[in-house]
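Trainee: The residues making up each chain are set out below.
Number of protein chains: 4
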Amino acid sequence: MEPEIKIRGYHTDLYQHVNNARYLEFLEEARWQLVDDYLDMDFFVNKGYFFFVVNVNISYKGQARANDVVTIKTGLKKMGTKSAVFRQCVFNRTTNTLCADADITFVIAGIDGKAMKLEGELKELLEKIPQADTIQWGMDN
Amino acid sequence: MEPEIKIRGYHTDLYQHVNNARYLEFLEEARWQLVDDYLDMDFFVNKGYFFFVVNVNISYKGQARANDVVTIKTGLKKMGTKSAVFRQCVFNRTTNTLCADADITFVIAGIDGKAMKLEGELKELLEKIPQADTIQWGMDN
Amino acid sequence: MEPEIKIRGYHTDLYQHVNNARYLEFLEEARWQLVDDYLDMDFFVNKGYFFFVVNVNISYKGQARANDVVTIKTGLKKMGTKSAVFRQCVFNRTTNTLCADADITFVIAGIDGKAMKLEGELKELLEKIPQADTIQWGMDN
Amino acid sequence: MEPEIKIRGYHTDLYQHVNNARYLEFLEEARWQLVDDYLDMDFFVNKGYFFFVVNVNISYKGQARANDVVTIKTGLKKMGTKSAVFRQCVFNRTTNTLCADADITFVIAGIDGKAMKLEGELKELLEKIPQADTIQWGMDN
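Protein chains in written order, with the working numbering: chain A, 1 to 141; chain B, 1 to 141; chain C, 1 to 141; chain D, 1 to 141.
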């Protein structure tokens, strides 16, 4: 399910638009939602596995102001040996503009805190996530 | 040491002043500073003790905007059998006004998560904290 | 509509529960929802009226951790000459406990920034908000 | 002046380290500090100019936990026709490790909200900021 967030006064800053740090919370919200929807959280918790973000590359392309409604789309863009990349977009549904797009690179760390190889069970789980190239990134849906 | 915070864009909200939730972070900052200054943090960590806030009663009396400098004063107002109360004030040094005053009621929980009696060693430690009635709450210092 | 928030990693702090400052964002969220549901926001915007919180008295009674779902109830508790009080409760629906209850005192300021008398049109609008004593504050609904 | 921040409970999240969104506030703090130190803020305010971040590319390389002290270094990495790039690093002084490095691309918008050419007065002002290649990025200073 694509998260939908109505922008409130506390989301905005001096410039009366959503602050750039707050967007990272919106993106984190959408990634947790994805975990809820497609992954087996118990599997991760029982194994003591953690998701660690290692890079965020976010472009701010439009604004969101109080009372605007934004939605966040997320897809898996790439899976490497030890890291993978989510593609995420924040759309302003009120003004019909793209607010931000981002690539989020993450690893899955085991109980020793080290990045694990994305193979076997782990790889199969991640493959359940909608692939970025199958997603309609436009705003018409 | 009294924390001094210069207000930045990200601290402010729709109304272009510091948001009411952010003030609670400022107050928490000042309480950690107090722990650094007057208490033996190792004692608490080694025993597995935690500070839990059980009530916040905060009055917002003035505003703080970007570029204003605020300072926070903290004193121990009251010690009960199982809970104690900090008095905290946030002053706007740029406009020379009181932004907020607050009573923060807290307990100290042991490893079982339950509030402990504030007696013996614990009481002695808390008594090291400056008492609210010995503090100059005015803005002239 | 009562806001429902699923607690995520970014909502929690050192103690792995929702931080006391974050609760104030949850309460603000619920108040904006109330404005959406019962008041005529355009009326306020057109007149240049603002809601200012002047006091928050919040008791933290239980915890909310990652993956828990909380809901927030809000009602108008009291209306004075120039200020009014919201009653708000945050319930943890996962653990079936009360997390926090709060009284939020606010004023409505006009374009000169001064609190206005809650009479006439303003009073009628505020009376549209569900009164606290008509709300079922228990968790069974 | 290089900002120094002591990590407190409210800065950390589920994983008991500083949350990735919070790092963006630390970086914003350091950029405002830079404006205070090297630029003529009044010039920007009087002209109605705003700094807008258009891209953040941040790599998380180490962790910062409660009681750790971090410092943030900032330098101007590149100036283009209409946008410029800050280089920023967050160092954990307690564990002597790099927490994060980031490139922050920004524009300066005029009162019409559009990015202005970085020429004339604007360019001269930005050139007052320490250049990234003159900064000692290591942790030994």
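The set of hints was computed from the structure by calculation and includes no laboratory data.
The reader is advised that the hints may include incorrect statements.
Note that identical chains are pooled: a pair holds if it fits in a single copy or bridges any two copies.
Unchecked claim - Below, a list of computed lysine-lysine pairs in the DSSO-like style, where the Cα atoms sit at most 27 Å apart:
#1 77 <-> 61
#2 128 <-> 114
#3 47 <-> 6
#4 6 <-> 82
#5 78 <-> 61
#6 117 <-> 61
#7 6 <-> 117
Trainee: Does each hint fit the structure? Answer for all of them.
Mentor: Hints, verified against the model:
no., hint, result
1, 77 <-> 61, "both (20 Å within a copy, 22 Å between copies)"
2, 128 <-> 114, "within (23 Å within a copy, 42 Å between copies)"
3, 47 <-> 6, "between (35 Å within a copy, 23 Å between copies)"
4, 6 <-> 82, "neither (36 Å within a copy, 29 Å between copies)"
5, 78 <-> 61, "both (23 Å within a copy, 20 Å between copies)"
6, 117 <-> 61, "between (34 Å within a copy, 18 Å between copies)"
7, 6 <-> 117, "neither (38 Å within a copy, 30 Å between copies)"
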